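Model the full structure from these sequences, guided by the hints.
Here the protein sequences line up with chains A and B, keeping their order.
Taking the numbering used here, I'd label the letters of the first sequence as residues 161 to 623.
Taking the numbering used here, I'd label the letters of the second sequence as residues 2 to 218.
Hints are computed from structural coordinates only; laboratory data are not their basis.
Certain hints may be false.
[As the list claims (entries may be wrong)] Here are the simulated lysine-lysine pairs, DSS-like style, with alpha carbons at most 25 Å apart:
hint, chain 1, residue 1, chain 2, residue 2
1, A, K388, B, K133
2, B, K42, A, K239
3, A, K337, B, K67
4, B, K100, A, K466
5, B, K102, A, K389
6, A, K337, B, K205
7, B, K205, A, K389
8, A, K389, B, K27
9, B, K27, A, K337
10, A, K234, B, K88
11, A, K441, A, K239
12, A, K388, B, K193
13, A, K389, B, K88
14, B, K147, A, K337
15, A, K497, B, K193
16, B, K107, A, K466
17, B, K102, A, K337
18, A, K236, B, K88
19, A, K536, B, K193
20, B, K205, A, K497
21, B, K100, A, K388
22, A, K504, B, K193
23, B, K102, A, K466
24, B, K193, A, K337
Just so we're clear, the structure is a prediction, and the values are computed from it rather than from any experiment.
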Amino acid sequence: MNISDGERVQKVLEDMGYLHTDNPESANLIGVIACSVRQKGIDKVYNMVNIWNKWKNKRNLITFVSGCVLPSDKEKFLKLFDMVFTMSQLPELPEMINHYGIVTPAGLMGNENMQIEQEFTDNPMQLGGFRLNETQISSSLPLAEKKPEDIKEFWNIEPKYGSNIEAYIPIQNGCDKFCTFCAVPYTRGREVSRPSEEIMNEVRTLVEKGTKSITILGQNVNSYGYDKKGSEITFTQLLEKIGEYGNQSNKEFWVYFTSPHPRDMSDDVIETVAKYKCLAKQIHLPVQSGDDKLLIKMNRNHSMLKYREIVSTIRRLIPEATLFTDIIVGFTGETEKEFENTMKIMEEFKYNMAYIAQYSPRPGATSSRWDDDVPKDIKKERFHRLTKELTKYSQMHNNDVIGKTLRVLVRGKDRKEGYLSALTEGRIVTRFASKDITLIGDFVDIKITSAASLSVEGVLLKN
Amino acid sequence: MQTTGLHKLIELINLTESTYILRIEKKDMQFEAGQHILLGKADDNDQREYSIYSGTNDEYLEVLIKEVVDGSVSIHLKNLNPGDLLKVEGPLGFFGLSKDKIESGKFLFIASGTGIAPFHSMVKSNPNLNYKILHGIRTCNEDYGKEDYNSDRYIRCTSRENGCDFEGRVTDYIRQNDFDNDTICYFCGNFKMIKEAMDLLENKGIPGSQLHAEVYF
Chain A
161 MNISDGERVQ
171 KVLEDMGYLH
181 TDNPESANLI
191 GVIACSVRQK
201 GIDKVYNMVN
211 IWNKWKNKRN
221 LITFVSGCVL
231 PSDKEKFLKL
241 FDMVFTMSQL
251 PELPEMINHY
261 GIVTPAGLMG
271 NENMQIEQEF
281 TDNPMQLGGF
291 RLNETQISSS
301 LPLAEKKPED
311 IKEFWNIEPK
321 YGSNIEAYIP
331 IQNGCDKFCT
341 FCAVPYTRGR
351 EVSRPSEEIM
361 NEVRTLVEKG
371 TKSITILGQN
381 VNSYGYDKKG
391 SEITFTQLLE
401 KIGEYGNQSN
411 KEFWVYFTSP
421 HPRDMSDDVI
431 ETVAKYKCLA
441 KQIHLPVQSG
451 DDKLLIKMNR
461 NHSMLKYREI
471 VSTIRRLIPE
481 ATLFTDIIVG
491 FTGETEKEFE
501 NTMKIMEEFK
511 YNMAYIAQYS
521 PRPGATSSRW
531 DDDVPKDIKK
541 ERFHRLTKEL
551 TKYSQMHNND
561 VIGKTLRVLV
571 RGKDRKEGYL
581 SALTEGRIVT
591 RFASKDITLI
601 GDFVDIKITS
611 AASLSVEGVL
621 LKN
Chain B
2 MQTTGLHKLI
12 ELINLTESTY
22 ILRIEKKDMQ
32 FEAGQHILLG
42 KADDNDQREY
52 SIYSGTNDEY
62 LEVLIKEVVD
72 GSVSIHLKNL
82 NPGDLLKVEG
92 PLGFFGLSKD
102 KIESGKFLFI
112 ASGTGIAPFH
122 SMVKSNPNLN
132 YKILHGIRTC
142 NEDYGKEDYN
152 SDRYIRCTSR
162 ENGCDFEGRV
172 TDYIRQNDFD
182 NDTICYFCGN
192 FKMIKEAMDL
202 LENKGIPGSQ
212 LHAEVYF
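Right, here's the structure in full:
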C-alpha cells in the first residue's frame, strides 16, 4: 500500500519539476510515507527526521510525512516535520509547496535545483517536502475537515510507477476490522472503495503499457464494495471484470490481490481466480494465529473452522495455487499451547510462504494497552521454530517442481553473477543462468533443476 | 450505513463511582444490536470503541463506560455536560445475533463488567428473545441495567460480595450447572474470562461453532 501511495506522491512532485535522487545528502525535499503497522518503522522515522533537521542548518531542506500516521504520532510529527498531511490531501500538495517560502538559514542564501529523496525500508516508506510553521499548517491546511471519501481525489492522481514490469493498484482505503494488534483503522479511517471503473482504467492502461504483474491492494480487498451498499460491484465481480478483460486483451499478464480477510472470503472469489487465466494462482490468506482463542483476542472475527473451509476450497478448485500467509508470534498473552496450535497449522496447510512477525505493540492499536508479556527470547525462539517448520514444507513444495517446466516473469539481474531473477506465477523466487538482460520484463519458460527452501533454480528453455 | 459526525450529549447517567452511561443523539444512525461505535470528545484526536448499550429502536444512542485510571478518553468523557459535542463514528463491528436464530434460538450471554453492554442492546432490541445472562461483577451494585432484564433470566455472579444471585465467578457458575447442547453462547468481557468460559462450555459438549466472543478492553 505504501509503495502504491509513494508512486502517486512521486508523480505529483515530478509534475512540479522535482527530480528524484537516490542520495539523501543532495536532496532538498525528503519525505516519508509512514507505515504504522509496526512500531519499528515509526521509530525509524523519528531517527531519520532528527538527522534531516540537523542538515537544515547547512542547506535548504524540506521534510514531510504522510501515509499511516496515528493521531499521537501526528502531534509529534508536526513539531519535527515541515509538513504532515493525509493521502487524501495529496492533490493539494502543489498548493502547499507554493505556500512554502524561505525557511532555513541555507534557504536565505538561495535555492539550488530542488531534488527529491526517496526512502524505502522493510516497512516501505517514501518521499516528501516543504516548510510551514504550525500556524500556517493549521490555517492553510484543513486536516481535520477531510472526510474519508476525499480519498477519491488521491486515487485520481496518475501514479509514477516504480517499475515497468510490476505495478500496484489501490482499490480501497481504510479498514473496518479493528484487529487488536493493528493501528490502521485509526490511521487510515474506515473502508472506502475506489470506483471500479477507475480501477479497470488503471488495469487497462498498465496492461497496454506492457506491465506484466499487477497487484490490487487493500487492507481487506474482499470487502471491496461493502461500503457502497449495492451501488458498487463486489470484489468477485471486480475480479471477473479483470478476468474478462484479460481474455479479450490477448496480452499475457498476472493479477494478484492482497490481502483478503478470511472473514469475507467467499467461494465465489476462489472460483473466479480458478476460472480466469490472468488471475494468478497464488492466494495470500493471512491467518495470524492457529489458535481460536488467540484469534478472538486479536479480534480477527473468524474461527479456524472458517479458515480451514477456505483452504479446503482453494485446494479443491485451484490445486496448483501457492498459499501464502501472515503470522504473528508472541502476541500478548500467547501461551505455549496457543503457539503449538500455530505450529500445527504449518503442517496442516503446508504454506509455500509465511511472513512471520514477532509481536511488538503498536501505540494506538488496542493491544498496546495490554501487557507485552511474552519475553523477547521466547518470541525469538517461537519465530525460529515456526520459520524452521515453514521451510520444511516450502522445501517440499519446491522439490516437487524439480524437472517441471514453469512460466516465469523475469524481474532483473540476480545477485549471483550471470543469472537473472524471476518469479513464478505462484510468486516463488527463481533464478536461471542468462546474461541476456533484454529478457527482463518478459515471460519465459524455465525447467527447474534444483530447489532451496525459499527459491528454485532452473535452465532457460527456448521460447 | 456508517456515519461520522458530531452528536450532542443528551445526558450523563452515573451508575457507580466509576461507571456511567452516555446518552447521545442518535441522528440517523442505524445499527445492529451488538455493534460498537468509535467515540471521543469533539475537540480531541483520541477515540475509543464502545459497544452500543441502547436498543435498536431507542430514539437515542447509549454507551456504557467504565472509567479507566490513566486512560485518555473515558475520564474526559465523564466531564462532559449535556449539549457538549461528541465525535461519533459507526456503527462498526460484526458481533451480533444470527438473524435466522433470533426467533428460535436459545441464547446464553456471558459478560464481565461493562461487557454486558452489547447484550443489553440485544435484549432491548428483541423483546421476545429466549436468553439467559450470566453477569460477572465484583459487587451487586454493578448490575447495570438489571431492570431491563427478566429477573429469572439475569444471574449476577459476584466475586466480592454475597447476597446477590450467585456467589462466585461466571466460570464457577458454568462449572456447577448444565447447559443444553443447542445453546448459542455469546461472550463479552475480559479475555481471561472468555477463554476459560469457552473451554468449560466446550467440555460440556457445546460445539465451538455455537460460541461467539468479543474481547472487551
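Here is what the structure says about each hint:
Distance check on the hinted pair: K388/A and K133/B sit about 37 Å apart at the alpha-carbon level, beyond 25 Å; violated. For the hint pairing K42/B with K239/A, the CA-to-CA distance comes to about 23 Å; that is within 25 Å, so the pair holds. With a CA separation close to 23 Å, the supplied pair K337/A and K67/B stays within the 25 Å bound. Of the pairs offered as hints, the one joining K100/B and K466/A holds, with about 19 Å between alpha carbons and a cut-off of 25 Å not exceeded.
Between K102/B and K389/A the CA atoms are separated by roughly 24 Å; this keeps the pair inside 25 Å, and the hint holds. Between K337/A and K205/B the CA atoms are separated by roughly 31 Å; this puts the pair beyond 25 Å, and the hint is violated. Note on K205/B and K389/A: the hinted pairing is violated, with a Cα-Cα distance of about 41 Å set against a maximum of 25 Å. With a CA separation close to 21 Å, the supplied pair K389/A and K27/B stays within the 25 Å bound.
Note on K27/B and K337/A: the hinted pairing holds, with a Cα-Cα distance of about 23 Å set against a maximum of 25 Å. Our distance criterion of 25 Å between C-alpha atoms is met by K234/A and K88/B, whose separation comes to about 18 Å. The hinted pair formed by K441/A and K239/A fails the criterion: a straight-line CA distance of about 47 Å is larger than 25 Å. Restraint check for K388/A and K193/B: the C-alpha separation of about 37 Å exceeds 25 Å, so the hint is violated.
Taking the CA atoms of K389/A and K88/B, the gap is about 23 Å. The hint holds against a cut of 25 Å. Among the hinted pairs, K147/B with K337/A is inconsistent with the structure: their alpha-carbon atoms are about 31 Å apart, more than 25 Å. Restraint check for K497/A and K193/B: the C-alpha separation of about 15 Å stays at or below 25 Å, so the hint holds. Taking the CA atoms of K107/B and K466/A, the gap is near 23 Å; set against the 25 Å cutoff, the hint holds.
At most 25 Å may separate the alpha-carbon atoms for a hinted pair to count; K102/B and K337/A meet this at roughly 24 Å. A hinted pair counts as satisfied when its Cα atoms are at most 25 Å apart, and K236/A with K88/B qualifies at roughly 22 Å. At most 25 Å may separate the alpha-carbon atoms for a hinted pair to count; K536/A and K193/B meet this at roughly 22 Å. Using a Cα cut-off of 25 Å, the hinted pair K205/B and K497/A holds, with the two alpha carbons roughly 21 Å apart.
Taking the CA atoms of K100/B and K388/A, the gap is about 22 Å. The hint holds against a cut of 25 Å. About 23 Å separates the Cα atoms of K504/A and K193/B, which keeps this hinted pair within 25 Å; it holds. The suggested pairing of K102/B with K466/A holds, with an alpha-carbon distance near 19 Å, which does not exceed 25 Å. Between K193/B and K337/A the alpha-carbon distance is near 22 Å, which keeps this suggested pair within the 25 Å criterion.
Consistency note: the structure conflicts with the earlier hints numbered 1, 6, 7, 11, 12 and 14.
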